[in-house]
Amino acid sequence: MRARAVSLATLASLSVLAVGWQVGAQANASMQALSAPQAAPATIPAPSAGPATPTPAASAPAVSGPATTSAGSTTTVPTAAAPAPAAPAPAAPAPAARPTGTFTGSSVQTRFGPVQVSVTIANGTITEVTALQLTNDGGRSVAISAQAAPILRSEVLSAQSAKVSNVSGATYTTRGYLTSLQAALDTAGF
Amino acid sequence: MSLDTRARPHQARPRIHPNYPRRMRLADSLQILAVVSVALVVAVFLADGGAARISTPADAITALGIVTGLVGTDLLLVMMLLAARLPAIDRAFGHDSAMALHQSLGKPALYLILAHAVLLTIGYALVQPAGFFDEVWIMFSSLPDMPLAFLGLGLLIAVVVTSLVIVRHKFRYEVWHLVHLLSYVAVLVAIPHQLSVGTLFREGSLQRYYWLALYAGVAGSIILFRFIVPIVRSLRARLTVVGVDQEARGVVSIRLSGRQLRSLRAKSGQFFIWRFWTPGLWWQAHPFSLSAAPTGSSLRITVRGLGDASSTLPRVPVGTRVSFEGPYGLFTDFARTSPRIVLIAAGIGVAPIRSLLETATFAPGQATVLLRSSTVDDTYLVDELAALCRARGAELRIIAGKRAPGTSSWLPGDAVQARITLATLVPKLREADVYICGPRKWTDEVVRDARSAGLPTRQIHFERFDW
Numbered sequence: 001m002r003a004r005a006v007s008l009a010t011l012a013s014l015s016v017l018a019v020g021w022q023v024g025a026q027a028n029a030s031m032q033a034l035s036a037p038q039a040a041p042a043t044i045p046a047p048s049a050g051p052a053t054p055t056p057a058a059s060a061p062a063v064s065g066p067a068t069t070s071a072g073s074t075t076t077v078p079t080a081a082a083p084a085p086a087a088p089a090p091a092a093p094a095p096a097a098r099p100t101g102t103f104t105g106s107s108v109q110t111r112f113g114p115v116q117v118s119v120t121i122a123n124g125t126i127t128e129v130t131a132l133q134l135t136n137d138g139g140r141s142v143a144i145s146a147q148a149a150p151i152l153r154s155e156v157l158s159a160q161s162a163k164v165s166n167v168s169g170a171t172y173t174t175r176g177y178l179t180s181l182q183a184a185l186d187t188a189g190f
Numbered sequence: 001m002s003l004d005t006r007a008r009p010h011q012a013r014p015r016i017h018p019n020y021p022r023r024m025r026l027a028d029s030l031q032i033l034a035v036v037s038v039a040l041v042v043a044v045f046l047a048d049g050g051a052a053r054i055s056t057p058a059d060a061i062t063a064l065g066i067v068t069g070l071v072g073t074d075l076l077l078v079m080m081l082l083a084a085r086l087p088a089i090d091r092a093f094g095h096d097s098a099m100a101l102h103q104s105l106g107k108p109a110l111y112l113i114l115a116h117a118v119l120l121t122i123g124y125a126l127v128q129p130a131g132f133f134d135e136v137w138i139m140f141s142s143l144p145d146m147p148l149a150f151l152g153l154g155l156l157i158a159v160v161v162t163s164l165v166i167v168r169h170k171f172r173y174e175v176w177h178l179v180h181l182l183s184y185v186a187v188l189v190a191i192p193h194q195l196s197v198g199t200l201f202r203e204g205s206l207q208r209y210y211w212l213a214l215y216a217g218v219a220g221s222i223i224l225f226r227f228i229v230p231i232v233r234s235l236r237a238r239l240t241v242v243g244v245d246q247e248a249r250g251v252v253s254i255r256l257s258g259r260q261l262r263s264l265r266a267k268s269g270q271f272f273i274w275r276f277w278t279p280g281l282w283w284q285a286h287p288f289s290l291s292a293a294p295t296g297s298s299l300r301i302t303v304r305g306l307g308d309a310s311s312t313l314p315r316v317p318v319g320t321r322v323s324f325e326g327p328y329g330l331f332t333d334f335a336r337t338s339p340r341i342v343l344i345a346a347g348i349g350v351a352p353i354r355s356l357l358e359t360a361t362f363a364p365g366q367a368t369v370l371l372r373s374s375t376v377d378d379t380y381l382v383d384e385l386a387a388l389c390r391a392r393g394a395e396l397r398i399i400a401g402k403r404a405p406g407t408s409s410w411l412p413g414d415a416v417q418a419r420i421t422l423a424t425l426v427p428k429l430r431e432a433d434v435y436i437c438g439p440r441k442w443t444d445e446v447v448r449d450a451r452s453a454g455l456p457t458r459q460i461h462f463e464r465f466d467w
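Chains as they are written, first to last, in the numbering used here: chain A, 1 to 190; chain B, 1 to 467.
Worth double-checking, as some hints may not be accurate.
Here are the in silico distance ranges between beta carbons for each label pair [unchecked claim]:
1. B/TYR173 / A/ALA12: 48 to 56 Å
2. B/GLY413 / A/ALA12: 49 to 57 Å
3. A/LYS163 / B/ARG208: 36 to 44 Å
4. B/LEU212 / A/SER165: 33 to 41 Å
FYI, nobody ran anything at the bench for these hints, they're computed from the structure. It should be emphasised that the depicted structure is a prediction, and the values quoted were computed from it without experimental measurement. Positions of the beta carbon are idealized from the N, C-alpha and C atoms, including for glycine.
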């Protein structure tokens, strides 16, 4: 290779690498910016959203509640809000009541695909966490999330909250999983 | 006598042929493209956040494993392009240099691909956590398309090992060639796992299209220039053997006749890869140089019965159909940079030298032909060379004599003792292009002599014929 070709090739390669690095850094920054506020809006509508609260009086506004709130993006839909016992407890309402039912968290976008979980709560106890969607971008990420999901589930069940430690090697799955779970718990007023 | 050097401005610097800068610009562009293609795959990885995601040692190992795989695969694709007989590559570097580069990339590419496999296994195993071999099994059994990827790796190892020169000489050329074809299979079976296991080339992503376009480009070039163009040219030219002339014991000139041969744009000094369609020969293809300037209807090659194929060639019947790939090579007047020319041949290497002498541009007195042999009897085409030299005003020197044992010179022992070198044999060597054709080791020795005489690379042209 002649000197001119070497210097031109070096220059071109370095600039291509620099552009790649810059794009990567930006994409990563926006990814982090995206995942941070995603947890936040999930908590804001929570107090007002009372679909899970077994209060007959609140049932009318509650219908419009989940549809307009749309905490994450697509879903804050309680799939099985426990029907309230009709007669008693007219004035002993929501806040104190222990949530019961299955609640679906928002779908959280990660670098490796969307993650979404639903949580089943019986009398204020988390009894089940089901992964509805897990990172599926490539065989490797399927394998990772398939491995991480059971670990996260059992940790959540024993901790009874979304505040559990990261599953190493499955950071993105963990982040998405716990964010979606928190959204579901907020919806439940848990 | 004037001391004013301005009076002779032309001699300050030998005039460089205009072809040369043009050819070098093409060569530069191709080399830059190849280097940038490597940078580009790394950049694609970075742009996808590949480096920013690294937070643990396992991440770092995994990222490195991905990058080695990307770069290794890119090099494999460059190698395949170098072997694809791309006209631009042949024009810029010549077949010989392109294949030398192809060869020198083989081992680095294999090492990168091996590093890719090992690093990713370690990176994944650290996360799992699992032992190295457990992880290999996990990858093999649970990740999509991994069995194929392992197959590709195995094939690649086999191809590179058989390509190492020492091993190659133990096999027949055809066996080696057949194993070599497996590299195409190796590259193909590795594609699915790149698209399904990794996340870089995920569906719908821009980089997936870029990657697939690279593969499509390489595959298209191979199909076009290694198969379609040779077949179309062979069918159009309708070459047949019209005469076989005995030149010496075991050496024949084969005269071929066909139509529309001008459209091949073949030049003196180039070679074709020939296939003679007789029952015993059709399955072998062999490179032979033109030994006479091509015309619109005729070509001639001169062949010595060396290998198993060429030993039966002297008996090839008149009328035999001949197919070919080519013409290839930069051992032509197109590569000239200087007004003078020196043609050096040993053995059957005289063939392209003979055709070059016929058509190369030089004024009378500006050309020297050196014919090297151990005895005067094993020189070929000498009568033709002598006649051409007389007609064109070139000097012919036959340098016969055995080499001194244990020395590494292209000249006979007594010449070495008399301190004869290329520079003393040829007047005004520095103003000449030197063309060398002969056995590999001998060629290297002449090239070394030319270099030590101060000749720049651009003035040294050589073709090795024993591959």
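**Request:** May I ask which of the numbered hints given earlier this structure violates, with the numbers listed in increasing order?
**Result:** 1
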